[in-house]
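From first to last, the protein sequence lines stand for chains A and B.
Going by the working numbering, the residue at position 51 of the first sequence is 50; the numbering climbs one at a time, nothing skipped.
Going by the working numbering, the residue at position 34 of the second sequence is 211; the numbering climbs one at a time, nothing skipped.
Just so you know, these hints were derived from the structure itself, not from any lab.
Hints are not guaranteed to be accurate.
Claimed, not checked - Below, a list of computed lysine-lysine pairs in the DSS-like style, where the Cα atoms sit at most 30 Å apart:
(1) A:6 <-> B:246
(2) B:276 <-> A:64
(3) B:203 <-> B:246
Stated by the list, open to error - Listed below are several chain B residues computed to face chain A (Cβ distance under 7 Å; list not exhaustive):
(4) 222
(5) 259
(6) 269
(7) 279
(8) 281
(9) 287
Claimed, not checked - Okay, the calculated bits of chain A under chain B, using three or more residues with CB under 8 Å as the criterion:
(10) 65-78
(11) 87-101
(12) 106-114
It should be emphasised that the depicted structure is a prediction, and the values quoted were computed from it without experimental measurement.
Glycine included, every Cβ here is placed at the ideal spot set by N, Cα and C.
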Amino acid sequence: SAVISQKPSRDICQRGTSLTIQCQVDSQVTMMFWYRQQPGQSLTLIATANQGSEATYESGFVIDKFPISRPNLTFSTLTVSNMSPEDSSIYLCSVGKTGTLGEQYFGPGTRLTVT
Amino acid sequence: SQQGEEDPQALSIQEGENATMNCSYKTSINNLQWYRQNSGRGLVHLILIRSNEREKHSGRLRVTLDTSKKSSSLLITASRAADTASYFCATVTSGGYQKVTFGTGTKLQVIP
Chain A
0 SAVISQKPSR DICQRGTSLT IQCQVDSQVT MMFWYRQQPG QSLTLIATAN QGSEATYESG
60 FVIDKFPISR PNLTFSTLTV SNMSPEDSSI YLCSVGKTGT LGEQYFGPGT RLTVT
Chain B
178 SQQGEEDPQA LSIQEGENAT MNCSYKTSIN NLQWYRQNSG RGLVHLILIR SNEREKHSGR
238 LRVTLDTSKK SSSLLITASR AADTASYFCA TVTSGGYQKV TFGTGTKLQV IP
C-alpha cells in the first residue's frame, strides 16, 4: 500500500493570496490526482498530474487558478491562486494503486479556509 | 459532474442494525468502488466490484451491482459505532486512464 502525506493539514488564508499544498508519496507512482471537496459535498477531480508532462485539467478548472507541479515520481504540489472564500474546501491528493482497476489511495487532505 | 447519486443522503441507525446505501449512475462503467471518509479526512477504499460481477463480499460488507439498472448497493451488517462515516460510491469508466468519479455520498451515523 502507498502512504501519502500532505502539507499543510489546514490553513486559514486571506482572499487574494495563494497557497501551495504539497503531496508526498512513499513510493514511485505514475499518476497523481488532485481533488476538491467543498463543505458537505462530494469529491471533484481538479486535475491529473503525470511526471514529466503538463497536468490534465478537468472541465471548470484552469491552470492559472490551480497550477500543479510534478517534479518527480513521489511528489506533487497544487497551488490555489488568488483565493476567494469560494475556494474554502478540503483538497485531497491521491494515487492509483498499481495493478488495479482504478483503486486509489488518498492523502489525509488539506482543509483550507479563505477569509 | 457527479456520476453517482446516492441515497439516502443521511442515515442514522442503532448499533447492531444493518445499514444499506444505494448508488445510481448514468453511463457504462468498468467497475464501481465504495470508499469511506471519516470526519472530512482522506478516503479509504472499501471494496471494488467489476461490471461483470453481481455481488461481492468483504467481511461485514456486501456490495451488489445491477448494470441493467445502473445501480449498486452497499450493505454493512451488524453496524458498529466505528462505522460512523460518509460513504461514497465511485465509478470507473472504460477507455484511457482509469478516471474515478465520485457520487454524492451517504452520511451514516451509528448510535451506540
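Okay, the hints, checked on the actual structure:
| no. | hint | result |
| --- | --- | --- |
| 1 | A:6 <-> B:246 | 42 Å, violated |
| 2 | B:276 <-> A:64 | 22 Å, holds |
| 3 | B:203 <-> B:246 | 10 Å, holds |
| 4 | 222 | 5 Å, holds |
| 5 | 259 | 18 Å, violated |
| 6 | 269 | 4 Å, holds |
| 7 | 279 | 4 Å, holds |
| 8 | 281 | 5 Å, holds |
| 9 | 287 | 19 Å, violated |
| 10 | 65-78 | violated (count 0) |
| 11 | 87-101 | holds (count 8) |
| 12 | 106-114 | holds (count 4) |
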